[in-house]
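**Student:** This note's numbering applies: residue 1 is where the sequence shown begins, and numbers increase by one.
Careful: at least some of the hints might be erroneous.
To be verified - Distance windows between CB atoms, simulated: (1) ASN195 <-> MET151: 15 to 25 Å; (2) SER85 <-> LYS194: 41 to 51 Å; (3) ASN195 <-> ARG22: 37 to 47 Å; (4) MET151 <-> ILE214: 41 to 51 Å; (5) PRO216 <-> SER171: 37 to 47 Å.
Stated by the list, open to error - Here are the simulated PhoX-like pairs of lysine-lysine, each with C-alpha atoms no more than 20 Å apart in a straight line: (6) LYS153 <-> LYS116; (7) LYS194 <-> LYS153; (8) LYS116 <-> LYS92.
Read the hints as simulated data drawn from the structure, not as lab findings. The model shown is predicted, which means the values in this text are computed figures rather than measured ones. Even for Gly, the Cβ is constructed at its ideal location relative to N, Cα and C.
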Amino acid sequence: MEYTTHVYKISKHVFLRGTDWRRGSYHVNNLSNALRLLTVYKYGGYYFDLDIISVRPVTYYGNFIAAVTSEIVNNNAIHADMKHSYIEMAIKDFVTNFRPDVWGNNGPNLMFRVLKTWCNVETLNSMDYVTCPGFNVLPASSFHPVTHFEMEKLFTQLTTNENDSEAKSISWLTEKVVGVHVWNRMNKDDPIYKNATHAYNRLARDHCPHIFSIAPEIF
């Protein structure tokens with residue numbers, strides 16, 4: 001059997017020297033924010049949070065993060081070439097402006113701070129391939145077709161007629177969607193029934209068929 005998973009050692013202590021990432025209620029999240037930057041910087045490639053369901057190939061896109069709304073970006077989907085200057089700036093910002101007590105300061109907010117410097121503009125709507133050469137923000141539809149304010153679209157049971165109509169049941173799943181962030185942190189305690197008819201189950205069944213097939217009846 002040929003394995004395609006590799007494990008690499010990242011010297012986080014070298015990069016984060018002087019940054020007490022262990023402090024605060026968000027220390028695990030802060031470490032995760034740091035490790036994704038260090039990994040992508042050192043080796044290049046794609047990073048995705050585990051609560052993103054991939055629905056289309058992403059290899060067409062390079063050197064990006066994704067918007068959540070017209071005013072917010074996220075760091076849950078990242079691509080960068082090895083030792084990309086934007087990621088290097090983000091790592092330096094992580095150390096310089098580290099706040100262990102503020103949720104998002106060392107993750108999504110950091111990425112937006114660095115984007116404003118990289119693109120030399122202040123608003124997300126002004127960031128495009130012209131103002132942000134070499135690194136860009138994908139539209140919200142690419143990875144966040146459902147925002148954290150709209151999670152009912154993922155988990156509301158569909159009626160029989162709706163369930164029979166692919167287009168009607170997941171109308172927001174357009175050709176622009178590359179992956180669907182399902183906001184696990186906000187719904188991780190809610191049970192998922194395998195026979196449910198909501199959009200989340202359909203996404204899992206259609207795009208993660210092997211995992212869905214071996215999942216328990218409640219997961």
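**Student:** Please write out, lowest number first, the hints stated earlier that are contradicted by the structure.
**Tutor:** 4, 5, 6
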